[in-house]
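> With chain A fixed as given, assemble chains B, C, D, E and F onto it according to the hints.
Each chain is listed here by its residues.
Number of protein chains: 6
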Amino acid sequence: MSNATSEPTAAAERPTQERKEPTYLFTEKYVADKSEIARRFIETRARLNANVDKANNFLVKRFYNIDHNTYLEGTLPAKTKELMGLVASACLRCDDCITYHAIQAYRLGVTRVEQEESLNVAMVVGGSIVIPHLRRAYELLEEMYG
Amino acid sequence: MSNATSEPTAAAERPTQERKEPTYLFTEKYVADKSEIARRFIETRARLNANVDKANNFLVKRFYNIDHNTYLEGTLPAKTKELMGLVASACLRCDDCITYHAIQAYRLGVTRVEQEESLNVAMVVGGSIVIPHLRRAYELLEEMYG
Amino acid sequence: MSNATSEPTAAAERPTQERKEPTYLFTEKYVADKSEIARRFIETRARLNANVDKANNFLVKRFYNIDHNTYLEGTLPAKTKELMGLVASACLRCDDCITYHAIQAYRLGVTRVEQEESLNVAMVVGGSIVIPHLRRAYELLEEMYG
Amino acid sequence: MSNATSEPTAAAERPTQERKEPTYLFTEKYVADKSEIARRFIETRARLNANVDKANNFLVKRFYNIDHNTYLEGTLPAKTKELMGLVASACLRCDDCITYHAIQAYRLGVTRVEQEESLNVAMVVGGSIVIPHLRRAYELLEEMYG
Amino acid sequence: MSNATSEPTAAAERPTQERKEPTYLFTEKYVADKSEIARRFIETRARLNANVDKANNFLVKRFYNIDHNTYLEGTLPAKTKELMGLVASACLRCDDCITYHAIQAYRLGVTRVEQEESLNVAMVVGGSIVIPHLRRAYELLEEMYG
Amino acid sequence: MSNATSEPTAAAERPTQERKEPTYLFTEKYVADKSEIARRFIETRARLNANVDKANNFLVKRFYNIDHNTYLEGTLPAKTKELMGLVASACLRCDDCITYHAIQAYRLGVTRVEQEESLNVAMVVGGSIVIPHLRRAYELLEEMYG
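Protein chains in written order, with my numbering: chain A, 5 to 150; chain B, 5 to 150; chain C, 5 to 150; chain D, 5 to 150; chain E, 5 to 150; chain F, 5 to 150.
Pulled out of the complex, with its shape left as it was, chain A reads as follows (with noise of 0.2 Å):
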């Protein structure tokens, strides 16, 4: 779907969205070491995407530029947006990406209980469907907060 040519002076009249690196509390490292889940699930990622890389593929390099920017700090803070990313992935029902945004959001000092309330937003929206996923991210929880 094309995109029609931009209005800069639209544009002008609008602020600037800033986009900045959010500061992480705790590294991957310290959360696998928390979190069995969490070690294999960085494991398995980071083998995949070294294959995933060397294909040197233009579009999937595009996607992944793109996707990183989408959780980065703006108007609304990172930990909310990978909030938000945790209920669009367990509403359309991925673990993997469940367990990539429940330790994102872990690592940027989300709550166990913010972590629930936005699971209670996918659960509801997405029925019960998703209640095998919650379960698993429940035992991600348990194992990264207990």
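Think of the hints as simulated: they come from the structure by calculation, not from any bench. Mixed in with the good hints, there may be bad ones.
Any copy will do: because identical chains look the same in the list, a pair fits if it lies in one copy or spans two.
What the hints assert, rightly or not - Think about it this way: if two alpha-carbon atoms lie no more than 27 Å apart in a straight line, the pair counts; the simulated DSS-like pairs of lysine-lysine are:
no.: 1; residue 1: Lys38; residue 2: Lys58
no.: 2; residue 1: Lys24; residue 2: Lys83
no.: 3; residue 1: Lys83; residue 2: Lys58
no.: 4; residue 1: Lys65; residue 2: Lys83
Frame of chain A; chains B, C, D, E and F shown alone:
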């Protein structure tokens, strides 16, 4: 998926999650006066809900009740949860649900840029298939904030 | 999506929908002894549910409660509703949910052919993407009924 | 996913699954006269199907044929399978398909409460995202049964 | 899901994937003159996109750009990729996206039978839930090719 | 959704869509020897299909037959249709289906870059939720083509 009995001692160890009604800055009527899309949605929903209420179905009433409780002020602000509802709705691609949560977020004082950042999470997680819904959401945003 | 107040007079005009616990012909343990797939599922689910219970999350408990009420004996027999749960699970492609409802249906005395006919509805509505799940469901059916 | 050759001896061991056309209590015309929503749906579908038929596409005809066979009287009554089609349609969120199966179920003598209980299964499995479709379904039920 | 740094040596070993703009045989205006469905879609989309452009959202612009690059002439012809977009749109059940890719494919000289064969893949993978969308797609095909 | 009777005169005006079996350059065994992922998939699928065949279910056999016919040489080459099956599988997020179609495409002589371009369409249409599946698909591609 039947629930095993809860464990009261474990519960006692956890802080109670307070829930209270959020404070709306704007009434539905205010939004309906600003936006024709909002007005049509609010009217149609009221008409159809009256019909659902008349049926007085036990489980539907229970579900509406849970749904209502999901978006109350809690550990996360109601604003954030309405935006999470927006993300979930957009990545599951339900125009009615997008319109509902965008209106609710507006009534709670969420800014346009915050709504756009939330829609970006849905677009990136859900892909280009979300874009037709995003276009319609921007039309609603334009009417409400324009 | 908040619920408008229900209309008691309309409700009074309608027969009460009775709900009562179904009578299971077989225990979970009986099924677990016949089928290794069922046994692993039941054990994993119990372990993960214990963890969810411990969290004592208000909305999760409410949702589990609604979920439980959905499959009780009502105007439609519990058998039929478990099979409907099976159809929904298969066309939404959730292996855990398929396993759960196939076991529940078995415990209520549903025959294998009835389970297969239900899976056919899901296959035709949901397409070939359902087939890998159908294959795994047939393996469970074979273990339970074989 | 190509099919391995079937095994005739195994087949011989199983009772034949009879399939026969269900007996409708009401014609499509009868429903169209009671409900404006049904009338519009039936007319639009007939017009669009005429166009599909004209194309005479081999695989589409085959698929329509399988689809037709799915809802015949079998081990499970046609009524039950139409309600399963309704559940599948509602949790996959297709208004046209919901309307189609609700009409078919009505024509076979299914009661309103049976339709509502079926929709409840879809609502609980599929979540609040199903509710806008449930609202529209209740409008159709009101027109047909009211 | 942040991207690990790409490996330039691995990249150097692979042939560059050329991307270039496809040559359209027909303008959007030509299609809009033949088909009322196409005309309405093209006009609505232009109107809504103007509104999106005005918002000048960084990530939306980036996503539109990636989306544009996806369907360029590459190792696979643009024709094939537009038909793949059609298949993806049909099995994810987005009428706007189906209309968009069917028009693009037409503009590149794809025949009606090629469009139908593509829709068949979506119908078989995605099931009968795709059929209401297929019916509407055939109406568009009839207008464009009839 | 029952099919209205087809119109033979309209059919007569259209060229017959030939269907014939494609010529595979490689056997399943060849692929299984190159790739451990492929080997495990092929073996598991054969084992589970044997069980499905034994059940001798009329509608399942019919569906497998339609499915087989979908990917034959036609107006579009079998190669293209297997890649369309890959796109559909990836955007509907079914690892088994992705593996199946990637193997089939390989057996027909499709190159790795053609598989990657197809996966890009699925990634852009389906969003970042597709990426965990894309990662696993690249691992299979590496084993088959590496």
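> Hint by hint, note whether the structure agrees.
Comparing the hints with the structure gives:
no., hint, result
1, Lys38 x Lys58, "between (30 Å within a copy, 19 Å between copies)"
2, Lys24 x Lys83, "both (13 Å within a copy, 23 Å between copies)"
3, Lys83 x Lys58, "between (31 Å within a copy, 25 Å between copies)"
4, Lys65 x Lys83, "both (24 Å within a copy, 24 Å between copies)"
Violation of the numbered hints given earlier is absent; every hint is satisfied by the structure.
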